[in-house]
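Asker: Read top to bottom, the protein sequences are chains A and B.
Residues 12 to 255 in our numbering are what the first sequence lists, from first letter to last.
Residues 844 to 924 in our numbering are what the second sequence lists, from first letter to last.
Among the clues, some could well be false.
[Said to hold, decoys possible] Here are a few chain A residues that face chain B, going by a calculated C-beta distance under 8 Å:
#1 Ile22
#2 Pro24
#3 Pro26
#4 Val29
#5 Ile221
#6 Phe223
[Claimed, not checked] Computed beta-carbon distance windows for the label pairs:
#7 B:Val890 with A:Pro154: 21 to 27 Å
#8 A:Asp38 with B:Glu873: 39 to 45 Å
#9 A:Arg237 with B:Asn874: 16 to 22 Å
#10 B:Glu873 with A:Gly45: 50 to 56 Å
#11 A:Ser112 with B:Asp871: 37 to 43 Å
#12 A:Ser112 with B:Ala867: 37 to 43 Å
#13 A:Glu130 with B:Asp871: 48 to 54 Å
#14 A:Gly250 with B:Ala865: 42 to 48 Å
#15 A:Lys208 with B:Val890: 22 to 28 Å
It is worth saying that the hints were derived from the structure and are not from the lab.
Ideal placement from N, C-alpha and C gives every residue a C-beta, glycine not left out.
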Amino acid sequence: MLYHMALVTTITPEPGAVEMTSRYVLDRDHEIEGGLPENFVTQEICLVCLKPYSAFGSGRWPKGRFFWGVVGNTDMDPGDDKSAHESNFLDYVRRTRMFTSDGVTHLSRTHRMPLPWHEIDDYRQKPFPWISTYIGSWLEVSPPQFSNFCSNDRFEKTVIWCESRDGKYLMGSACDSADFMMQAWACMHNYAGFGAKGVPTLEREWRLKIYFMENDPTRYLERATRDFPGLVSQPYPGGRPGIP
Amino acid sequence: MEDGWWSDIREQVREEGSRFIALAENPDPENLPTIGVWQLENNLDAVYVSITHHVENEDVQKPLSMHIVMRTRCISSVPAN
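Let the sequences and hints guide you as you build the complete structure.
Answerer: Written as structure tokens, this is what we have:
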């Protein structure tokens, strides 16, 4: 099987931030019969914040412990110390924020649906479910893939962040094209869109920025809004463009 | 930055069973995030990008850092004509 399309992602650092942009690129001189499809799967970025040396991870996480893709995440070894996992994941959720109609909102204080793939009395449901999705206040219903674990609390800006353990710093992601976000275990997802429909496929761009700064949500939103002017329009009081 | 900072960063972002693809040169690591790219040998469908940002932090002796995992799925496979 040969692939003639590539998703090219460019990651550019700047003081206090990293910009990520993605575009689809077709091999030179290659044409696809019937033209390019309109609906591409968008870029998927998972920001994992629980490394043991990170200022955003829990101090209790064992040093040198690798956790992504092997153990310590969704497929925890039953023999592991559950209390350590609880401490790490719940601590992370309690330090994660988003903007709702109430302003800065702690994700741990939002309404979180029981996770349907765990028993209701599973330790990962306590004291609140460890995963939750959120949708913009401009949507009436959740996308079907998230509907059974989507919070009733809606965000008003496509901006999400986590405070460092000492409360001095924040790390977050922002865009102006997402309709839903998710906090899962010790990561955060900001589902930026892949450019406006109607624009030629190869000209559509996915764009997200990740920020590191002092823990000042107001300054964070101001900076994100400078980088993503579309945030000014959120929460789209006149309705989300493209959504009837 | 003290000697060994680069190797320290490289070791921090390394996962067991991983292989490094690149560590971008950073002319100003105290002010610019450092970017590394790597893969896990048992999951070549995903690209891992580590972003490390240094701050002075009494709580953490290591640089302030985080990981992001970029999962790119195959969205269109077009056989050669």
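Asker: Give a verdict on every hint.
Answerer: These are the hints, each one checked on the structure:
The criterion of a C-beta within 8 Å of any C-beta in chain B is met by Ile22 of chain A, whose closest approach is roughly 6 Å, and the hint holds. For Pro24 of chain A, the shortest C-beta to C-beta distance to chain B is roughly 4 Å, which falls under 8 Å, so the interface hint holds. Because the closest C-beta pair between Pro26 of chain A and chain B is about 5 Å apart, less than 8 Å, the hint holds. Contact between Val29 of chain A and chain B, as hinted, is supported at the beta carbon level, the nearest pair being about 5 Å apart and thus within 8 Å.
Given hint, Ile221 of chain A at the interface with chain B, holds; its Cβ is 7 Å from that chain's nearest Cβ, closer than 8 Å. Using the Cβ-Cβ criterion of 8 Å, the hint placing Phe223 of chain A at the interface with chain B is satisfied: the shortest such distance is roughly 4 Å. In this structure the hint that Val890 of chain B and Pro154 of chain A lie 21 to 27 Å apart at CB holds, the actual value being about 25 Å. A beta carbon spacing of about 41 Å between Asp38 of chain A and Glu873 of chain B agrees with the range 39 to 45 Å that was offered as a hint.
Separation of Arg237 of chain A from Asn874 of chain B is about 19 Å and conforms to the stated range, judged on CB atoms against 16 to 22 Å. A hinted range of 50 to 56 Å holds for the C-beta pair Glu873 of chain B and Gly45 of chain A, which are about 52 Å apart. A C-beta distance of roughly 40 Å is found between Ser112 of chain A and Asp871 of chain B, which places it inside the suggested range of 37 to 43 Å. Between Ser112 of chain A and Ala867 of chain B the Cβ separation comes to about 40 Å, which falls inside the hinted range of 37 to 43 Å.
For the hinted restraint 48 to 54 Å between Glu130 of chain A and Asp871 of chain B, the CB-CB distance of approximately 51 Å keeps it satisfied. Checked against the given bound of 42 to 48 Å, the beta carbons of Gly250 of chain A and Ala865 of chain B, roughly 43 Å apart, stay inside it. Restraint check, Lys208 of chain A to Val890 of chain B: a C-beta distance of roughly 27 Å satisfies the suggested window 22 to 28 Å.
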